[in-house]
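**Student:** Sequence:
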Amino acid sequence: MNAIGEGWFSEISEMWPGQAASLKVKSVLHKEKSNFQDIIVFESETYGKVLVLDGVIQLTERDEFAYQEMITHVPLCSHPNPKRVCLIGGGDGGVIREVMRHECVEEIYMCEIDERVLEVSKAFFPKVSEKLINNPKLKLFHCDGAEFLKREQFKSGFFDVIIVDCSDPVGPAESLFGRDFYESAQAALNQGGVLCAQAESMWLHLDIIADMAAFISEINFKNVEYSYTMIPTYPSGSIGFFVCRKGDDKSCSSQPRVLSEEASNNVTYYTPQIHCASFVLPKFAHKAIYKHL
Numbered sequence: 001m002n003a004i005g006e007g008w009f010s011e012i013s014e015m016w017p018g019q020a021a022s023l024k025v026k027s028v029l030h031k032e033k034s035n036f037q038d039i040i041v042f043e044s045e046t047y048g049k050v051l052v053l054d055g056v057i058q059l060t061e062r063d064e065f066a067y068q069e070m071i072t073h074v075p076l077c078s079h080p081n082p083k084r085v086c087l088i089g090g091g092d093g094g095v096i097r098e099v100m101r102h103e104c105v106e107e108i109y110m111c112e113i114d115e116r117v118l119e120v121s122k123a124f125f126p127k128v129s130e131k132l133i134n135n136p137k138l139k140l141f142h143c144d145g146a147e148f149l150k151r152e153q154f155k156s157g158f159f160d161v162i163i164v165d166c167s168d169p170v171g172p173a174e175s176l177f178g179r180d181f182y183e184s185a186q187a188a189l190n191q192g193g194v195l196c197a198q199a200e201s202m203w204l205h206l207d208i209i210a211d212m213a214a215f216i217s218e219i220n221f222k223n224v225e226y227s228y229t230m231i232p233t234y235p236s237g238s239i240g241f242f243v244c245r246k247g248d249d250k251s252c253s254s255q256p257r258v259l260s261e262e263a264s265n266n267v268t269y270y271t272p273q274i275h276c277a278s279f280v281l282p283k284f285a286h287k288a289i290y291k292h293l
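Per UniProt numbering, the very first residue in the sequence shown carries number 1; after that it's consecutive.
In case anyone wonders, no lab produced these hints; they're calculated from the structure. Take these hints with a grain of salt, some might be off.
[Said to hold, decoys possible] Each computed EDC-like pair below joins lysine to aspartate or glutamate, with the alpha-carbon atoms no more than 20 Å apart:
no.: 1; residue 1: K150; residue 2: D180
no.: 2; residue 1: K122; residue 2: E147
no.: 3; residue 1: K222; residue 2: D211
no.: 4; residue 1: K33; residue 2: D114
no.: 5; residue 1: K127; residue 2: E262
The structure displayed is predicted, hence computed values, not measured ones.
Construct the entire structure; sequences and hints are all you get.
**Tutor:** Written out as structure tokens, the structure is:
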């Protein structure tokens, strides 16, 4: 549930009961109901333009880089030479923008169930979505991400990196948080490949994260870790990722591959030091998550 009333947008959800976040609205720029979800774009007083899906903030112009850079560069820099990348979700285009900073990447398979998210992002967030347009490396599919990874061509290893940039485990993204999806992702990775999947907030959803850690530990990944980033307009101000490596027990938390000088000069949040630090969890979270790993 959400409301734009009396000049404010308020984000209220059963996923974080008993609390809400609000942004002051300058103007509502776009509202529609796609085949999958409600889409709103508004201009805020302090965070620029804001994209909202089913009442939940997905990005703002002011802080989107913190999420986009970390969910992308942590897995890509954990792989020595990623050539083929899969993105599940990510319809705003920010992850594609960041993947394109890695010149070694030759192909990007993007599966976004809701085509309207891409079109809205192109219209209202051109700096985020710029690499969705005229990109010869990008192969775009509009279908369910869980079913996409079950395709026969992926079942014996196909991708070097898989990134799952999805919303919360309700609605269109619900299937991306289950064991079946993670098993499909593991099968679709080449040996040494890395999966990085959005995995909620340690402050709000530690029970969900711990349950996910329990079943992920039973899947044949050689290394499973939890990383997180700080982003003020997400509930609790942070969000995490499961980072899983297939066929190699090397930790993704140390000695990352370094971005090119040009890429390093153009990112805003990510550094090798932030990469390593993002895996250092407070005691309560480490205890709850790593007892399963």
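**Student:** A separate judgement is required for each hint: does it hold in the structure or not?
**Tutor:** Cross-check of the supplied hints:
1. Between K150 and D180 the alpha-carbon distance is near 10 Å, which keeps this suggested pair within the 20 Å criterion.
2. Between K122 and E147 the CA atoms are separated by roughly 26 Å; this puts the pair beyond 20 Å, and the hint is violated.
3. Distance restraint check for K222 and D211: the Cα-Cα separation of roughly 19 Å lies within the 20 Å cut-off, and the hinted pair is therefore satisfied.
4. A C-alpha spacing of about 11 Å is found between K33 and D114, which places the hinted pair at or below 20 Å, so the restraint holds.
5. Pair hint K127 plus E262 holds up; C-alpha atoms about 18 Å apart against a cutoff of 20 Å.
The structure does not agree with numbered hint 2 stated previously, though it agrees with all others.
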